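**Q** Using UniProt numbering, the letters of the sequence shown correspond one by one to residues 1 to 1112.
What the hints contain is simulated information worked out from the structure, not anything from laboratory work.
Because the structure is a prediction, the values reported are computed rather than measured.
Any given hint might turn out to be false.
What the hints assert, rightly or not - Below are the DSSO-like pairs computed for lysine-lysine, each with C-alpha atoms no more than 30 Å apart in a straight line:
1) Lys1031 - Lys533
2) Lys79 - Lys196
3) Lys239 - Lys298
4) Lys420 - Lys298
5) Lys706 - Lys649
As the list claims (entries may be wrong) - For each label pair, taking beta carbons as the anchor points, the in silico distance ranges come out as:
6) Asn474 - Val737: 23 to 33 Å
7) Pro676 - Gly1018: 34 to 44 Å
8) Glu1092 - Lys1031: 17 to 27 Å
Backbone N, C-alpha and C fix where the C-beta goes; we use that ideal spot for every residue, glycine too.
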Amino acid sequence: MYIDGSMLEVWLTERPAVAARYAKHHLKKMPLAGAQSSADFWEEFSTRFAPELADKVLLAGREDQARQFVQQLSAGPGKLLYAADAPDEVVAFAIAAIRNADPALRLFIEAKTLVVDSEDAARQLSHRTGLVFLLKGQARGLAGLTMRSGPTVVSAGADERRPDHIKLARPNSSQLAEAFVAMGFSQQEGYDLARKCGRSLAVLARLLPNGYAAKPEWLDVAESLIPAMLAGAWHAPTKPDTDVLCALAQTQDYENVEAPLRRLARLQDPPVDRVGDVWSMRASVDAFVHLGYMLGPKHLERFKEAAIAVFSQVSEPPKADEVFRPKAEREAVHSSWLKDGLMTTLLHMAVLHEQAYFTVTGSTPTEYVNGIVRALPGLSKDHRLLAALQDQLILLAEAAPVPFLEALEQLLEGDASGIKPIFEEFDGLLTSRAYHYGVLWALEVIAWDPNLLLRASMCLARLAAIDPGGSDSNRPINSLRAIFLSWSPNSSANAAQRTGVLTHVVETVSEIAWPLLAKLLPKPHDSSSPTQKPKFREYGDGKPEVLTYGLVWESQAAVIKLALARVGHDPARWAVLIDALNQFPEAAFHETVEALRVELATPHDGTFQIWDRLRKEVNRHKAFAGTDWALRDRPLSLLDELVTLHAPKSPVLLVSWLFDDWMPDVPGKGADADDPMSSVEAARAKAIAEVYAAGGIGGLVELAEKVQLPQHVAFAARTLQLDKEELLRLLHLALEVGAALAGFADVVLAEAVERFGDDGEARVRTELQTHGFEPDRIARLLMSLREGKRAWTYVATFGEAVEDAYWRIKHSYFVDGTTEELLEAIANYTSRDRFIAALDAATRRLKDLPTALLMDLLRSAIPEINSRDRASGNKQYILERGFDELRLRSDAPLDDIAQLEFAYLPMFRMREKPLVLHRLLAERPSLFVEVVTAVYKPEHGEAGPIDEGAQVMATSAYELLEGLRSLPGQADGQIDEEKLLAWCQEVRELATRADRLAMAEQWIGQVLACAPHDPHDGAWPHRAVRVAIEKIASDRLERGLSLARVNQRGVYSKSIGEGGAQERERAAQCLRWADAVPGYPRTAAMLRRIAENWTRYAERADVEAAEDALKW
């Protein structure tokens, strides 16, 4: 290959970014002083860390900014101002963004990019075009020169940031954890590391140094930082918090604490952050490691006093019947920020004292921390303190596990009445809550210590014994399950240690032994969630036991052995073991089979139930023999032998299982895709024939009495085609048994009437009358007859009382007969005030009903609903179908429909389609004002007395106004400007006379807020609305419109740490609309005010996201 040296030299001179890289890596020459390629800078920057930093770390939480940055580089010459904690982080971010661009674009930009850090280099390169300049150090002073030639990125640190800089977003801990995975860390390790470094690269470099790690610049003023380091975090407006800070700093003036922190927060590597009103150590671990050695007796004395004072404070949530007091009038309490911060410092003292060279004169750090926890008054006596510290108990348990266990063990002594109240549930925002969660999570943390596993497990077991249960899955017994689960244990103890502790627990706390063992038995498709883990402590010898299949099977076998020792003769317990048999290890399976053999050979009251459960399990495996979980071959034959050997002699008992489930497991079940029940029905027919052959009619009744679904016995008995006398005897015997076989008797009765005509009807009537049943009982039996004229006529032959009961209690089945039959059914329902039932029977045939009848049914149903409960579920569907049909009728007066809709307004609350009422409101200003008047008091005059009827009317009227979504004059996507304006003006005039102008104008605004975009310029609102706004010129109207527009956002969701991006986009949209309507100044000003509101919401969301990031 031939290379022209002169041409190459000229080309490299013209391409300094390429020359800088090749000079170093290929020609082994020094590149231009003060400039280097992006690859060289990245190599130097990333190797400061061990392991080497992945570029994804620089982009975590900044993916959108990275994409925008790469687009800016393609826009031509210009200045790009970016700021982060340190200037080098900006340069590293820029290079990481380029490295993660599309491959072709990456190569193109990398070939043009130079990192410049000296003025001389910047001057020499400033005349070169086609370059991308990443300026740092002294070179930043010549940004105005280089930006003429190409895109120029000017980096700034936290201490240099100005308002015009784009601030690189700080990732939350979860986002940074994802990036750390690319460096070889696990997800949990990455999350822990993100928390320890405070999401700061400067701190990360000290935690993961590749050789030398520079000390933080704030060490020079460390003394002023000690109170903040001890507190950890606090909420500045909360006086109890600032009082603690003053006590830690030995000052009366909080300003003396905060003033130096404001300066420190502006450093490139700040030790503290201020987010909104919250102060927090950026990386509490880093701060303690660097400052811990400075803590002396006076510091520790003040910290102990503060910790005891804060952690001893008990505050109960307000009760539902407690008189409301504004927050400012309630007793001031310390913020959760301070509680978490102090407890975190306590944990650091306990576990990081060696790294921080932290010592305690005359004692040890461990004893010092234990002493603080033991000094908390009430920890071992008052459950309210556990409730008050619920969110901090995890940290407390890791910091001082032994004192915590001592306190809990004391509370659990005797009947444990002192701690029982923590299980009491109260309503939370979405679900119920209780105060025992913190205790459970704290014990889960301690359970990781093999030396304390027994004590933690015994506490959990005693808590489980007194747990009344609740709607939440966070229960003590579930924590025990997670700790001891064979295939996913949550403890550093090895398998033998866990088995030993489990054995002790079940033998000592016998009341929770079986429930716990049942939860630990192996199951198919099992699941588990990890328990709480220690944040810093590492338990065991540092060599965790590798969980092999052998260890899992060994643990499962131990659980099964413990369960077998406690199963006794209890059929319910045997059912649990039998259902899990196919998941047992081989040895445990055979041990359980032998135990079953002995159990079945020992007659007792529960023998049949145990055998029946085993038989059903065997059938299940036979029915699904093709699945991977089914037992087969020798294991299945062992169970099948037991079933055959101990089968009962009674034909009834042999087949009863077929009628205990809707779809019992029979061989061939599901083989016929067109009729999956065919094999079940065939098995039932065969079984019925065998029972009938052995026991006759009496056998059928005996079978029906023993099964869970007796009506299916009757259905299957139809295959016997019993003669009339036998069938009537079967009915007689079933009726003799009573209510237990009511469903069975229903089916038999219907068969007799259907098969044997008039004679069957007469014989059944005689049978029922002979028993002397009450009319309601007879009516319920007759409800099994096929709906129709013949059945109704037959019912009438039983007399007026039975007929009345029949129509009062029967289900409103669909009537598929003639219109005359439908009307007859409706008449029977309505004569007994069952108007909703009448509508239900006609739901699919509403077109057959005259308009007057339909309106009368809807009108008459109102008292029926009010006398029972609000229309819901199927009732609401029935009524809405009636209204939908009514609105289609041209002969139905609109005013009459509107009156009906008003009466049903509560039912229409969630309806999206407009009502006739809404149409009339948009057409009749007088009606609109009438509705507003019903809701609001006069603005100037005296309001009349308000009775219950007026309150109900006001509520309905308000719901009606809220449901108005269409504008006056709106039709087919267009709005008639003149009609809209005339409606607004008339409403204002009428409202003035009614002394309701202010509220009327606000509601006009809310109506106008529903306007569509304008079809001509695409801006919002529609031009007709803009005209109305300009001509009416009402501040109240515009306030109502603005408020409604914001409220139209409705329910929304956000990703973690998203901040105010959605709100800023809405603000930007409003500003674009304002710019698009210069000819409507009031409208434009209103849109800008809405944009300002969205901007404030965005800023608030940013603060909330940043505060969340401090916690998570």
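**Q** All hints, please: hold or fail.
**A** For each hint, the structure was consulted:
1. Lys1031 - Lys533: violated, 66 Å
2. Lys79 - Lys196: violated, 35 Å
3. Lys239 - Lys298: With Cα atoms ~23 Å apart, Lys239 and Lys298 stay inside 30 Å; holds.
4. Lys420 - Lys298: Given that 30 Å is the threshold and the Cα spacing comes to 40 Å, the pair is violated.
5. Lys706 - Lys649: OK: Lys706 and Lys649 at ~15 Å, within 30 Å.
6. Asn474 - Val737: 23 to 33 Å: Check failed, 46 Å falls outside 23 to 33 Å.
7. Pro676 - Gly1018: 34 to 44 Å: violated, 56 Å
8. Glu1092 - Lys1031: 17 to 27 Å: Since Glu1092 and Lys1031 have Cβ atoms about 24 Å apart, the given range 17 to 27 Å holds.
This entry does not satisfy hints 1, 2, 4, 6, 7, going by the numbered hints stated previously.
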